[in-house]
Amino acid sequence: MKLTLWTYEGPPHVGAMRVATAMKGVHYVLHAPQGDTYADLLFTMIERRNHRPPVTFTTFQASDLGADTATLFKRAAQGAYDRFQPQAMIVGASCTAELIQDDPGGLASTLGLPCPVVPLDLPSYSRKENFGADETLLALTRALAQPCDRTENITCNILGATALGFRHRDDVAEITSLLLQMGIAVNVAAPLDATPADLARLPAAHFNVLLYPETGESTARWLEKTHAQPFTKTIPIGAHATRDFIAEVAALAGVSPTVDEANLRLPWWSASVDSTYLTGKRVFIFGDATHAMAAARVARDEIGFDVVGLGCYNREFARPMRAAAKEYGVEALISDDYLEVEAAIIAAAPELILGTQMERHIAKRLGIACAVISAPVHVQDFPARYSPQMGFEGANVLFDTWIHPLVMGLEEHLLTMFREDFEFHDAAGPSHHGGKATPAPAQQILEPTPDAATQMIEAAQALAHALHWLPDAERELKKIPFFVRAKARRNTEKYAAEKGVTQITIETLYEAKAHYAR
Amino acid sequence: MSLDTPPTGCLHTPVLRERGQREVFCGLTGIIWLHRKMQDAFFLVVGSRTCAHLLQSAAGVMIFAEPRFGTAILEEKDLAGLADAHVELEREVERLLSRRPDIRQLFLVGSCPSEVIKLDLSRTAERLNARHGPSVRVYNYSGSGIETTFTQGEDACLAAMVPGLAETQDENLLVVGALPDVVEDQCLSLLTRMGIRNVAFLPSRRASDAPKVGENTRFILTQPFLADTAHALERRGAQRIVAPFPFGEEGTTDWLRAVAKAQGVMLETFDAVTAAPRARARKAVAAHAETLRGKTLFMFPDSQLEIPLARFLARECGMLPVEVGTPYLHRGLMEPELALLPQTMLSEGQDVDLQLDRHAALKPDLTVCGLGLANPLEAAGHATKWAIELVFTPVHFYEQAGDLAGLFSRPLRRRALLRGAAE
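In order, the protein sequence lines correspond to chains A and B.
Quick note, the first sequence lines up with residues 1 to 518 if you use our numbering.
Quick note, the second sequence lines up with residues 519 to 941 if you use our numbering.
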C-alpha cells in the first residue's frame with residue numbers, strides 16, 4: 001500500500017480510453033463499477049471534445065456482485081454493438097472488474113459479434129496509463145494489420161498520438177507538413193483520427209515515425225519485426241533535434257535532407273543580445289521521459305540554460321533517462337511521488353522549472369518561474385491556437401513559452417538597481433505576473449513566498465550552523481533580488497566554510513560572489 | 519374537486535425505473551467538499567489508482583491547497599494476502615498521523631476494490647482507535663461506486679459518525695448536512711432570532727464542536743440525500759422534523775416554518791424574522807425568472823438534489839420540467855417535495871443511452887447534467903448546466919436563492935449573448 005495525494009498517471013484503462021477516443025469507428029466496452037465514468041470528463045472537459053468518448057461502462061453495483069456480472073457484461077457489449085455499429089471493438093476490465101475475474105475477452109467472443117473484438121489485458125495494480133495506451137494500440141494493430149504491398153510513393157506512418165496527449169494534435173500537423181516538404185506522404189497517423197480500416201493498412205508504409213515512445217513504441221517494434229518497417233528514434237523537439245530527425249528520415253526514405261528553415265526563429269531569437277541574460281539560468285526539468293529529455297537538450301544547447309535537475313515519472317524509461325541525465329552531469333530523478341520532486345527542486349534551487357501541471361503548482365508555491373512541457377496538464381494546455389512542440393514551429397513555441405515566465409532582462413536590472421525604490425521592491429515581482437502587487441510595508445521589505453525562502457534558508461543553515469552572519473552582511477543580503485537571494489546565501493556560506501571563516505561580513509559576501517561569478 | 523383538496527403534485531406519479539449504464543460519480547467524490555467543511559479531518563481512501571485519479575480529476579486544482587485527503591493505493595502484493603493489507607494500512611496511517619499531528623478525525627474510506635476483496639476497514643478503525651484515541655477518532659465508511667452514488671458518500675460519512683456522538687438528555691435541534699460556512703451562519707442566525715436555542719450542526723467544523731444527541735433531540739435535514747444518516751439518528755432516539763428542502767424562498771420558508779412549529783415559535787415571531795429575507799429572496803429570484811419562465815427543463819440523475827431543484831425552478835422561476843431524473847428516490851424523505859412538484863415525468867436510476875434518446879426527442883431548453891455529458895450536448899445544440907456546481911456552490915436558504923436561480927439562467931443568457939441576441 002502506498003499513500004498518494006497526486007498521481008502523474010491514471011490507471012491503465014484510462015490509457016485504453018485515450019486510444020479508443022483518439023480513433024474513429026472503435027468502441028470500448030469496459031467492465032467497471034458505477035462511478036468509473038468519471039474518466040469521460042477528462043475528454044469532454046480537459047480536451048473539450050464535442051462528443052462522448054466511445055466507451056460503454058457496464059457500471060455494475062453491489063447488488064450485481066452476488067448475481068451475474070458476466071451476463072451484465074454480455075448485455076452491455078451486445079447493446080454497444082447494436083447502438084454504435086463500430087468497425088472494431090475493444091473489451092477489458094477496470095481495476096475492480098479485474099478482481100471479480102469475469103473474462104471480458106471470452107465473454108465477448110461467445111457473443112459472435114460481426115466485427116473484430118480485441119480483448120485487453122491491463123494489469124491495474126502494477127501498471128499505469130501510458131502502458132495502457134501503448135498496449136491497447138499494440139493489441140489493435142496486431143489484430144487488425146494486414147500484410148500488404150508497400151505504397152508506390154514513399155510513405156510513412158506516424159505513431160503514438162492519442163487523445164489527451166500534450167499537443168499531439170498540432171505535433172501531428174507539424175510533422176506531417178515537414179514530411180510533405182521532403183516529398184514523403186503520411187500513410188496512416190495512428191491512433192489519433194485513425195479508423196480500424198486505417199490500422200489494417202499500416203504495413204503499406206515504407207517506415208514509421210515514432211513521435212511518442214510512451215504510447216507507440218511497442219507498436220513500432222512489432223511493425224518492425226513483423227512487417228520489416230524501420231522506425232525513427234529521434235524525437236523532433238527543438239531545432240537541433242528536428243534537423244537530426246530530418247536527416248534520419250532522409251536516410252530511411254532515401255530522399256534529400258534539405259528542408260526550408262525560413263520560419264524557424266528560435267536560433268536567432270536565442271542568439272540575439274536580448275537573450276544574453278538567459279545564459280546559465282538554472283533550470284529543473286521533469287515530465288514524461290520523452291519530453292523531459294528533449295527539453296534538456298533544447299535548454300542547454302539551444303537556449304544556454306544550465307540543467308540542474310532532470311527526471312521523469314514513468315519508470316519504463318528509467319534507463320534512457322539515467323543515461324541522458326549523466327550527460328548533463330546530474331543524477332536522474334525517477335519518481336512518481338510529487339513530494340520527492342518538490343524536495344529535489346528545493347535542493348537544486350532552480351530559477352526556472354520545466355515540468356507538468358504538478359510542477360507548476362510546486363513552482364507557484366516556491367515562487368519560481370515555470371513552464372509546462374509534458375502531460376499531465378490542465379485545460380489551458382489544450383489551447384485553441386496552433387501550438388506544436390515538434391518541428392520548427394514547435395521550436396518557436398518552446399522559446400516563447402519558456403522565456404515568458406522569466407523576469408525579462410531589463411526588468412531584472414531595474415529590480416537590482418532600484419531595489420530600494422517603492423515601485424521596485426522585491427515583493428512587487430515581475431510586471432507581467434498577476435496577483436503580486438502588494439505595496440511594500442513602511443519599515444521592512446516583505447519576503448515573497450516565505451515558505452520557500454524559509455525552507456531553502458533552513459536547509460542552508462543546517463549545512464552551515466557554525467556560521468554567523470553579522471548584521472551588516474545580513475542587511476546587504478536583503479538587497480539582493482529575492483529570486484537569487486537563497487542562492488547567494490548558500491554560496492556565501494559554502495565559501496565561508498571552505499575558507500574556515502565563521503563570521504560573515506559584507507566582504508565575505510562579495511568575495512563569495514566573485515568566487516562563484518559565472 | 520374542491521379547492522380544499524391538498525395538492526398532490528407528483529406524489530402518485532409512476533416512476534420510470536431504469537437499469538443500465540450510469541453516468542454518475544461514486545461516493546468518494548463527497549470527500550472533496552466534506553474535507554473543506556471538517557477542518558481537522560483527514561479522508562484516507564483505501565483503493566486503487568483509479569480512485570486517486572478520480573479524486574484528482576474531480577478536485578482539479580484544489581488538491582494543492584494542502585489537501586486533507588489521500589489514497590492508500592492497493593498494490594499487487596496487498597491483493598495476494600489479506601493479512602498483509604491490515605498491517606500495511608496501519609503503517610500508512612501511522613506515518614500520516616505523525617506527519618499531520620493536527621488531524622483529530624480520520625476517515626478510512628472504502629472503495630470498490632477494498633469492498634470486493636472484503637477488506638474489513640471497521641476492524642482497522644477499531645484497532646487504530648484503541649491506539650490513537652481519544653486525541654484522534656478513527657471512523658470508516660464506504661464511498662464505493664458499487665454502493666454509493668455521488669452525494670451518498672456524504673450520507674455514508676455522516677451516518678458513520680452518528681453512533682459515536684455523545685449522549686444527551688437535553689432538548690436540542692440538530693441541523694444535518696454539510697453546508698458552506700456562510701450558509702450555516704445565516705441558518706443559525708435565522709433560528710436564533712426566532713428564539714431557538716441549543717442548535718448544533720452535523721457535521722461540525724471541528725471535532726471538538728461535535729453535536730450531542732438523545733431522545734429529546736429533534737433534527738432536520740438540509741440535504742435530500744441523507745437517508746442513512748436520518749435512520750442512524752432515529753436509532754439514537756432523535757426525531758426528524760419533516761419539511762421540504764431549503765432551496766428558494768418557498769423551500770426555505772417551509773423549512774423554517776417546520777422548525778418553528780416543532781419548536782413552538784409564535785407565528786408573529788416567525789413572520790417578523792422571515793419577512794425581510796423572504797422579500798429579498800423573491801426579488802433576487804425574479805431577476806432570473808424572466809430568463810427562465812416558460813423554458814423546459816430536463817435533469818439527468820446526479821445528486822438527489824434534482825427533485826427539490828426542479829420544484830424550485832418550476833414554482834419560483836416558472837420553468838416546465840419535462841423529465842426529472844434522480845439516482846435514487848427515497849420516498850420517505852421526498853414526500854413534501856413531491857407534493858409541491860408539478861406533474862412531470864420522474865425517473866430513478868439510469869440507462870444513459872436510452873435517456874439520451876428521450877432527451878433528444880424532447881429537445882428541452884435547459885439540461886442539467888454531469889460533466890461527461892455537458893459538452894457533447896452543447897455541441898449538439900442544447901443548453902446545459904453542470905450539476906456538480908450545485909453541490910459546491912452555496913445555494914441553500916434565502917440569501918442564496920438569487921444565486922441559485924442565476925446558476926440556471928446563466929447558460930441561457932450566454933447562448934443568447936453569443937448569438938448576438940441578448941434577451
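Each hint should be verified, as a subset may be incorrect.
[As the list claims (entries may be wrong)] Pairs of lysine-lysine, BS3-like flavour, derived with a Cα cap of 25 Å:
(1) A:Lys-281 / A:Lys-2
(2) A:Lys-233 / A:Lys-281
(3) A:Lys-2 / B:Lys-636
(4) A:Lys-24 / A:Lys-2
(5) A:Lys-233 / A:Lys-326
(6) A:Lys-2 / B:Lys-595
To be clear, the hints were calculated from the coordinates, so they are not data collected in a lab.
Notebook entry, point to check: Going straight from one Cα to the other, do Lys-24 of chain A and Lys-2 of chain A come out at no more than 25 Å?
Noted result: Given pair Lys-24 of chain A, Lys-2 of chain A is violated - Cα atoms ~37 Å apart, limit 25 Å.
Notebook entry, point to check: Is Lys-281 of chain A within 25 Å of Lys-2 of chain A, Cα to Cα?
Noted result: Violated: Lys-281 of chain A and Lys-2 of chain A sit about 36 Å apart, past 25 Å.
Checklist line | 25 Å limit on alpha-carbon distance, applied to hinted pair Lys-233 of chain A and Lys-326 of chain A | finding: Between Lys-233 of chain A and Lys-326 of chain A the Cα gap is close to 20 Å, so the pair holds against 25 Å.
Item checked: Lys-2 of chain A paired with Lys-595 of chain B [C-alpha distance capped at 25 Å] -> Roughly 11 Å separates the two Cα atoms, so the pair holds.
Next item on the list: Take a quick look at whether Lys-233 of chain A and Lys-281 of chain A sit within 25 Å of each other, Cα to Cα.
Entry: Roughly 29 Å separates the two Cα atoms, so the pair is violated.
Next item on the list: Compare the distance between the alpha carbons of Lys-2 of chain A and Lys-636 of chain B with 25 Å, and conclude whether the hinted pair is satisfied.
Entry: 19 Å, holds
The structure fails hints 1, 2, 4 (numbered hints given earlier, in ascending order).
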